[in-house]
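**Q** Work out the full structure, taking the sequences as your base and the hints as a guide.
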Amino acid sequence: METQKVAAIGATGNHGPHITRALVDHGLEVTALTCPSSPSVLLADVEVKKVDFDSQESITEALRGQDAVVWNVGTLVVPAQLILIDAAVSASIKRFIPSGFGVDARLVVGTKLEPLLAGKIEVVKHLKEKAQQHADFSWTALATGSLFEFKHVTIFDSGDALISPSSYSLVGKAIVAMLSKVEEMKNQYLAISSFTTSQNQLLKILEQQTGEVWVQGHVSTSTLEKIGQEKLGQKNSRRVLDLMKAF
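Residue numbers for the sequence shown follow full-length UniProt numbering, beginning at 1 and rising by one.
Among the hints, a few may not be true.
Below, a list of computed lysine-lysine pairs in the DSSO-like style, where the Cα atoms sit at most 27 Å apart [said to hold, decoys possible]: (1) LYS181 - LYS5; (2) LYS128 - LYS112; (3) LYS5 - LYS173; (4) LYS186 - LYS125; (5) LYS94 - LYS49; (6) LYS125 - LYS173; (7) LYS94 - LYS5; (8) LYS94 - LYS50; (9) LYS186 - LYS130; (10) LYS181 - LYS130; (11) LYS204 - LYS173.
Label pairs and their computed distance ranges (CB to CB) [stated by the list, open to error]: (12) ASP157 - LEU206: 33 to 39 Å; (13) GLN133 - VAL109: 19 to 25 Å; (14) GLY211 - PRO115: 42 to 48 Å; (15) GLU129 - ASP52: 23 to 29 Å.
No wet-lab data here; the hints were simulated from the structure. Don't be surprised by glycine CBs; every beta carbon is placed ideally from N, CA and C.
**A** Structure, rendered in structure tokens:
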């Protein structure tokens, strides 16, 4: 059965507004769960519920009556996501979509990134366990590759290596499809992209289409990896991001 009511967490981040808009445009009833102190301004047709994300009971109560949960907060926010998954099961949620956007966690196993994205892998493992334990609960994770709508580009190495990025609109459409085709896409890790090209080719096309010159930077992946490794021992929020870019 197609999803009707969706609880969205992180509806105001980078991905959140685009995904929320896509859900609303598809005719779904969206409720945004936010922290009590959040001053977030959302779409007029989105209900807002204040929730204590440290309390499984508070989350469970807020989720009652919903069909699905879409988590748009950072991938590395693992403890809160695990609590939310448990609350979703308690609230009889049918479909959970974690924040798996960006790097495909399946591709980092056995690489230098695996320890850094262990939390992302842990979330999917937890979802699999819950789906096995509860027949009415299911999940779908989504890898999108890089997003290309910031009008700022860093060319890695020569810029000729092929990449498969996604647009925000495609991510929104994919989430809607994942919630519409519940049986076909349940308990799977999916990957999408808008196209496959090189950084140089993409930059040329985007500048032609927008009529604007994009801000450019150049860096070698070996340099970026070295910087990321140096930040590993520091409390630096960019340590994982730099290594993911090098990957």
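**Q** Next step is simple, just say for each hint if it's right about the structure.
**A** Outcome of the hint check:
1. LYS181 - LYS5: holds (14 Å)
2. LYS128 - LYS112: holds (24 Å)
3. LYS5 - LYS173: Cα-Cα ~16 Å, so holds.
4. LYS186 - LYS125: Holds: LYS186 and LYS125 sit about 14 Å apart, inside 27 Å.
5. LYS94 - LYS49: holds (20 Å)
6. LYS125 - LYS173: holds (25 Å)
7. LYS94 - LYS5: Holds: LYS94 and LYS5 sit about 11 Å apart, inside 27 Å.
8. LYS94 - LYS50: holds (22 Å)
9. LYS186 - LYS130: holds (13 Å)
10. LYS181 - LYS130: holds (20 Å)
11. LYS204 - LYS173: holds (26 Å)
12. ASP157 - LEU206: 33 to 39 Å: violated (19 Å)
13. GLN133 - VAL109: 19 to 25 Å: Since GLN133 and VAL109 have Cβ atoms about 24 Å apart, the given range 19 to 25 Å holds.
14. GLY211 - PRO115: 42 to 48 Å: Holds: the Cβ-Cβ distance is about 43 Å, inside 42 to 48 Å.
15. GLU129 - ASP52: 23 to 29 Å: holds (25 Å)
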